[in-house]
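Q: Given next are the chains, with one letter for each unit.
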Amino acid sequence: MSDNAIIRVENLHKWFGLLHVLKGVSFSVVPKEVLVIIGRSGSGKSTLLRCLNFLEEPSSGTIDIAGQSLTITAGTRYDHNQAIAMRLNTGMVFQDFNLFPHMTALDNVIEGLVTVKKMPKDKAIPMGMKYLQKVGLEEKSFEHPIRLSGGQKQRVAIARALAMEPKVMLFDEPTSALDPELIGEVLDVMKQLAFEGTTMIIVTHEMGFACDVADRILFVDRGIIAESGTPDQLFDHPQDERTRLFLEPIRKVQQI
Amino acid sequence: MAVETMKFPGQPGSDPDLDMCHALLAQQRRERLIRTTKIGVVWVILIIILTILLLQFNFSPAYVYQHYGFVLAGLPLTIGISLASILAATVLALLGAVSKLSNNSIAQGIAGLYVSLVRGTPLLVQIFIIYNGLPQIGTALIAKGMPQIGHLFILTAIQSGILALSLNYGAYMTEIFRAGIQSISGGQREAAESIGMNRVQILRRVILPQAVRVIIPDIANQFIAMQKDSALVSFMGIWEMTYRANRFARQDSKFMEMFVIAALLYWLLTIVSSWFEGLLEKRMRHAYER
Numbered sequence: 001m002s003d004n005a006i007i008r009v010e011n012l013h014k015w016f017g018l019l020h021v022l023k024g025v026s027f028s029v030v031p032k033e034v035l036v037i038i039g040r041s042g043s044g045k046s047t048l049l050r051c052l053n054f055l056e057e058p059s060s061g062t063i064d065i066a067g068q069s070l071t072i073t074a075g076t077r078y079d080h081n082q083a084i085a086m087r088l089n090t091g092m093v094f095q096d097f098n099l100f101p102h103m104t105a106l107d108n109v110i111e112g113l114v115t116v117k118k119m120p121k122d123k124a125i126p127m128g129m130k131y132l133q134k135v136g137l138e139e140k141s142f143e144h145p146i147r148l149s150g151g152q153k154q155r156v157a158i159a160r161a162l163a164m165e166p167k168v169m170l171f172d173e174p175t176s177a178l179d180p181e182l183i184g185e186v187l188d189v190m191k192q193l194a195f196e197g198t199t200m201i202i203v204t205h206e207m208g209f210a211c212d213v214a215d216r217i218l219f220v221d222r223g224i225i226a227e228s229g230t231p232d233q234l235f236d237h238p239q240d241e242r243t244r245l246f247l248e249p250i251r252k253v254q255q256i
Numbered sequence: 257m258a259v260e261t262m263k264f265p266g267q268p269g270s271d272p273d274l275d276m277c278h279a280l281l282a283q284q285r286r287e288r289l290i291r292t293t294k295i296g297v298v299w300v301i302l303i304i305i306l307t308i309l310l311l312q313f314n315f316s317p318a319y320v321y322q323h324y325g326f327v328l329a330g331l332p333l334t335i336g337i338s339l340a341s342i343l344a345a346t347v348l349a350l351l352g353a354v355s356k357l358s359n360n361s362i363a364q365g366i367a368g369l370y371v372s373l374v375r376g377t378p379l380l381v382q383i384f385i386i387y388n389g390l391p392q393i394g395t396a397l398i399a400k401g402m403p404q405i406g407h408l409f410i411l412t413a414i415q416s417g418i419l420a421l422s423l424n425y426g427a428y429m430t431e432i433f434r435a436g437i438q439s440i441s442g443g444q445r446e447a448a449e450s451i452g453m454n455r456v457q458i459l460r461r462v463i464l465p466q467a468v469r470v471i472i473p474d475i476a477n478q479f480i481a482m483q484k485d486s487a488l489v490s491f492m493g494i495w496e497m498t499y500r501a502n503r504f505a506r507q508d509s510k511f512m513e514m515f516v517i518a519a520l521l522y523w524l525l526t527i528v529s530s531w532f533e534g535l536l537e538k539r540m541r542h543a544y545e546r
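Listed in order, the protein sequences are those of chains Z and X.
The first sequence begins at 1 in the numbering used here and counts up one residue at a time.
The second sequence begins at 257 in the numbering used here and counts up one residue at a time.
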């Protein structure tokens with residue numbers, strides 16, 4: 001792997017009680033790369049993503065993001081403040097949007113700027129509007145989430161994460177909770193971000209989108225990376241039997 | 257709720273479908289009005305029956321008329337004690353709930369013992385301990401040459417009343433706050449964490465604003481209950497409504513008259529409070545209406 005990696009994960013393990021969800025995962029991401037993680041439900045791909053910003057506490061392993069490194073040894077306490085500081089390097093987009101319902105779209109976007117970065121409101125508002133514009137929702141800035149469609153909510157959530165100007169954007173199945181006709185608008189925003197050179201790690205079941213946008217795909221199976229490569233390599237010439245079994249039915253559907 | 261507030265475009269007669277909708281809504285409104293009216297009539301009939309019954313047993317309306325002002329004069333004190341206590345209780349409950357949900361063993365221990373102890377003892381006993389019991393410690397401390405600290409334990413009746421009500425309701429409301437905080441989905445906390453907020457920021461900016469909206473009916477309910485429990489402070493000789501009613505009731509043996517006055521005033525206070533609560537809930541609903 002190249003030396004200028006912005007994210008480097010080494011031998012990451014995660015246990016949930018007696019369940020060994022991640023069994024030593026290592027990979028790295030270079031700036032401007034779009035990495036897509038695919039795999040069956042329960043394979044550990046979401047857990048992997050959530051470990052990167054410490055929403056799940058890794059059980060052991062090393063995570064290195066933008067020059068800040070944290071090594072966790074199983075059974076010992078680690079520096080939580082360091083983990084929280086590293087969190088600001090990543091922006092997270094959730095499956096269920098998780099917008100703050102008591103705030104308008106604009107207030108959602110500027111909440112981190114005002115509360116965490118202590119930016120004065122008169123500076124944060126133009127910045128918030130800039131990011132709402134980026135996702136095409138500047139005219140909804142004063143609406144509360146309940147008056148937005150699912151696709152609009154997810155776009156606001158993307159703007160909220162972007163506003164913190166993270167080095168890497170993490171997407172945890174961003175379209176899985178959306179009605180089919182609303183998926184396109186969210187994927188379009190993500191394609192635009194990829195085009196602009198945003199570093200992204202995306203967990204998704206949208207294989208067509210993965211093929212379009214990914215520089216590299218990781219196929220995760222039962223807590224390990226079974227195979228990784230470019231979309232062409234994985235979809236057309238899978239080396240691993242498990243990858244082939246997973247992708248074959250999907251390819252058949254797409255050929256129809 | 258939403259149906260009857262909807263506005264439809266167009267004049268009646270311009271569109272048959274719209275007319276059908278108008279007719280259905282009018283029918284709903286009519287039925288609701290009839291039901292409300294019937295319930296109101298039942299209330300009025302019941303109150304008339306109770307009044308007639310009361311008047312059969314040597315009940316003197318003239319005495320009520322003469323003395324209601326004396327009981328009414330205690331209303332500000334009842335309201336004042338309840339308001340001060342509900343405010344203090346809310347602060348205690350917030351601290352209690354946050355402590356119970358924290359990772360800090362000391363905070364958890366203190367909050368747990370507080371809730372258990374206070375919920376496990378009667379309010380009246382707590383009032384006696386604070387008003388009559390604490391001065392024993394106070395005088396002992398003064399005797400040992402610590403007058404400043406000692407005097408802190410000797411409270412006036414009103415101070416004792418407010419302290420007892422606050423402590424008591426704070427314990428019950430701790431559980432209300434705890435449940436309210438826990439009712440906010442984990443996703444909200446995760447989203448706040450993902451943009452780098454710390455625990456205090458998450459509580460103050462994300463969790464509490466949502467939790468408070470959920471528990472406003474419960475807090476209002478506690479406030480309404482407290483207004484009546486404030487009658488217990490009359491045991492310490494505070495001139496609130498119950499004490500005032502009791503005074504003439506004993507002197508003239510007019511128990512029914514005086515306590516009916518007090519009861520009606522408490523009831524009125526509850527009705528007004530419920531109305532205020534309705535207003536508050538309406539205001540907080542704004543962000544959640546499509």
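Simulated from the structure, these hints should not be mistaken for laboratory data.
Careful: at least some of the hints might be erroneous.
[What the hints assert, rightly or not] Okay, derived cross-link-like pairs now, DMTMM-like style, lysine to aspartate or glutamate, Cα gap no bigger than 25 Å in a straight line:
id : chain 1 : residue 1 : chain 2 : residue 2
1  : X       : K356      : Z       : E143
2  : Z       : K117      : X       : E545
3  : Z       : K117      : X       : E449
4  : Z       : K134      : X       : D474
5  : X       : K356      : Z       : E57
6  : Z       : K134      : X       : E446
7  : Z       : K167      : X       : E446
8  : Z       : K118      : X       : D508
9  : Z       : K167      : X       : D271
10 : Z       : K118      : X       : E446
11 : X       : K538      : Z       : D107
12 : X       : K538      : Z       : E143
Q: If a hint holds in the structure, say so; if it doesn't, say that too.
A: We went through each hint and held it up to the structure:
1. Between K356/X and E143/Z the CA atoms are separated by roughly 35 Å; this puts the pair beyond 25 Å, and the hint is violated.
2. Taking the CA atoms of K117/Z and E545/X, the gap is near 31 Å; set against the 25 Å cutoff, the hint is violated.
3. For the hint linking K117/Z to E449/X, the alpha-carbon distance of about 13 Å falls within 25 Å, and the restraint holds.
4. Taking the CA atoms of K134/Z and D474/X, the gap is near 42 Å; set against the 25 Å cutoff, the hint is violated.
5. Our distance criterion of 25 Å between C-alpha atoms is met by K356/X and E57/Z, whose separation comes to about 23 Å.
6. Of the pairs offered as hints, the one joining K134/Z and E446/X holds, with about 24 Å between alpha carbons and a cut-off of 25 Å not exceeded.
7. Of the pairs offered as hints, the one joining K167/Z and E446/X holds, with about 19 Å between alpha carbons and a cut-off of 25 Å not exceeded.
8. A hinted pair counts as satisfied when its Cα atoms are at most 25 Å apart, and K118/Z with D508/X does not qualify at roughly 68 Å.
9. Between K167/Z and D271/X, the direct Cα distance comes to roughly 57 Å. Violation of the 25 Å bound is thereby established for this hinted pair.
10. With a CA separation close to 20 Å, the supplied pair K118/Z and E446/X stays within the 25 Å bound.
11. Using a Cα cut-off of 25 Å, the hinted pair K538/X and D107/Z holds, with the two alpha carbons roughly 22 Å apart.
12. Distance check on the hinted pair: K538/X and E143/Z sit about 18 Å apart at the alpha-carbon level, within 25 Å; holds.
This entry does not satisfy hints 1, 2, 4, 8, 9, going by the numbered hints stated previously.
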